[in-house]
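Novice: Kindly produce the complete structure, drawing on both the sequences and the hints.
Quick note: the sequence shown, position 296, residue 466 per the numbering used here, numbers continuous.
Calculated directly from the structure, the hints in this document are not laboratory data.
Virtual Cβ for every residue (Gly too), placed ideally from N, Cα, C.
Don't take every hint at face value.
Computed cross-link-like contacts, SDA-like style, restricted to lysine to any residue with a CA-CA straight-line distance of at most 25 Å [stated by the list, open to error]:
1) Lys224 <-> Gly406
2) Lys224 <-> Leu234
3) Lys224 <-> Phe398
4) Lys224 <-> Gln343
5) Lys224 <-> Leu383
6) Lys224 <-> Phe431
7) Lys224 <-> Val348
8) Lys224 <-> Leu403
9) Lys224 <-> Phe368
10) Lys224 <-> Ala237
11) Lys224 <-> Ile426
12) Lys224 <-> Val391
13) Lys224 <-> Phe235
14) Lys224 <-> Ile405
15) Lys224 <-> Ala365
16) Lys224 <-> Tyr415
17) Lys224 <-> Val395
Ranges of calculated distance between the beta carbons of each label pair, as one might list FRET restraints [as the list claims (entries may be wrong)]:
18) Arg279 <-> His307: 31 to 39 Å
19) Val391 <-> Cys292: 21 to 29 Å
20) Ala178 <-> Arg279: 27 to 35 Å
21) Leu213 <-> Arg407: 26 to 34 Å
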Amino acid sequence: MINFVLYATATLIWGSTWLGIKLQLSQVPPILSVGYRFCLASLILLVFCLVTNKRLVFSRRDHLFLALQGISLFGLGYIMSYLATSYLTSGLVAVIFSTILMWNILNLRLFMGQPVAWRAFCGGMLGLAGICIVFWHDLSAFAATRGLIGLIIAMLGAYLASIGNVVGSRNAQSGVPVTQANVYGMAYGAALCIAIHFGVGGELTMDWSVGYLGPMLYLTVFGSVVAFGCYMLLIGRIGADHAAYVMLLMPVVALIISTFFESYQWSTSAVLGVVVVLLGNLIILTPADTLEKASHHILKK
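Specialist: Dropping the structure here:
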């Protein structure tokens, strides 16, 4: 029962954060909103670490990689996700960002020499095919439609976030706990966002309306702290491989929310494409021996 509650909490919160991002598109520039969000999230996690007496001192080399993780994941990756939601419904952005599973495999191979399993390759190809099906109208138009621009921005964001995940894997292997890595990573990401904003001549602006502050607090407290905590507890109870299925269900929740709150209009190609993307993610997440047993069972029938 506890595992189910943890699963449901992480999935529902992360699935709903995409609409929260959409609601934050106001008079405050997206890049500054990202900076506000992770500055506050980093402070909350820092207080947690201080209260629980967790180690917060790391080497300069570790900080270089923590900065790289923060810049790519919490900085550039989230900037792209915020920008993408200005072109697409939040549910579609969530589906595109779920291809991070595929990019993780590619980047682990490129930067850490980890071999690519056949199931990962097949799942990744299915994921790309599904995205192409969803956006076939925009791709076939050979023009800079809003859908195509949003797709490119979201895919770039997913790739940059994947770089952050790979660096995070290195940090974990070097003995930097995930919670502390997020404290510094979010701080570095927030610093980058704020620096870019002021670097291009931006001014310090804030939207004090409930319509802006509400989503920001939800994204910060629930999206970046509560859901993350549930996910880490889930990993501790059932393992990272099984806990990762949260990433499979998250875009489904986001799409359901988009349907009701953003009036997302489903088409045949959208349904087919989303199913193919989710199937690809399922193949990537499912252990090889489980897939082999399932295939043998099907063939026997």
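Novice: Compare the structure with each hint and give your call.
Specialist: Verification of the hints:
At roughly 18 Å between alpha-carbon atoms, lysine 224 and glycine 406 fall within 25 Å of each other, so this suggested pair holds. The straight-line distance between the Cα atoms of lysine 224 and leucine 234 is roughly 20 Å, inside the 25 Å bound, and the hint therefore holds. For the hint pairing lysine 224 with phenylalanine 398, the CA-to-CA distance comes to about 17 Å; that is within 25 Å, so the pair holds. Distance check on the hinted pair: lysine 224 and glutamine 343 sit about 18 Å apart at the alpha-carbon level, within 25 Å; holds.
Of the supplied pair hints, the one linking lysine 224 and leucine 383 is violated, its CA atoms being roughly 30 Å apart against a limit of 25 Å. Note on lysine 224 and phenylalanine 431: the hinted pairing is violated, with a Cα-Cα distance of about 41 Å set against a maximum of 25 Å. As the CA atoms of lysine 224 and valine 348 are separated by approximately 11 Å, the hinted pair is consistent with the 25 Å bound. For the hint pairing lysine 224 with leucine 403, the CA-to-CA distance comes to about 17 Å; that is within 25 Å, so the pair holds.
Restraint check: the Cα-Cα separation between lysine 224 and phenylalanine 368 comes to about 33 Å, which exceeds 25 Å; the hinted pair is violated. Of the supplied pair hints, the one linking lysine 224 and alanine 237 holds, its CA atoms being roughly 19 Å apart against a limit of 25 Å. With a C-alpha separation of about 39 Å, the suggested pair lysine 224 and isoleucine 426 falls outside the 25 Å cut-off, and the hint is violated. Restraint check: the Cα-Cα separation between lysine 224 and valine 391 comes to about 20 Å, which is no more than 25 Å; the hinted pair holds.
Among the hinted pairs, lysine 224 with phenylalanine 235 is consistent with the structure: their alpha-carbon atoms are about 19 Å apart, no more than 25 Å. In summary, the hint linking lysine 224 to isoleucine 405 is supported, as the alpha carbons are separated by about 19 Å, within the 25 Å threshold. A C-alpha spacing of about 29 Å is found between lysine 224 and alanine 365, which places the hinted pair above 25 Å, so the restraint is violated. Between lysine 224 and tyrosine 415 the alpha-carbon distance is near 28 Å, which puts this suggested pair outside the 25 Å criterion.
A C-alpha spacing of about 16 Å is found between lysine 224 and valine 395, which places the hinted pair at or below 25 Å, so the restraint holds. Checked against the hint of 31 to 39 Å, the C-beta distance between arginine 279 and histidine 307 comes to roughly 32 Å, which is consistent with it. In this structure the supplied range 21 to 29 Å is violated for valine 391 paired with cysteine 292, their Cβ-Cβ distance being about 38 Å. Checked against the given bound of 27 to 35 Å, the beta carbons of alanine 178 and arginine 279, roughly 33 Å apart, stay inside it.
Checking the proposed 26 to 34 Å range against leucine 213 and arginine 407 shows it holds: the Cβ atoms sit about 28 Å from each other.
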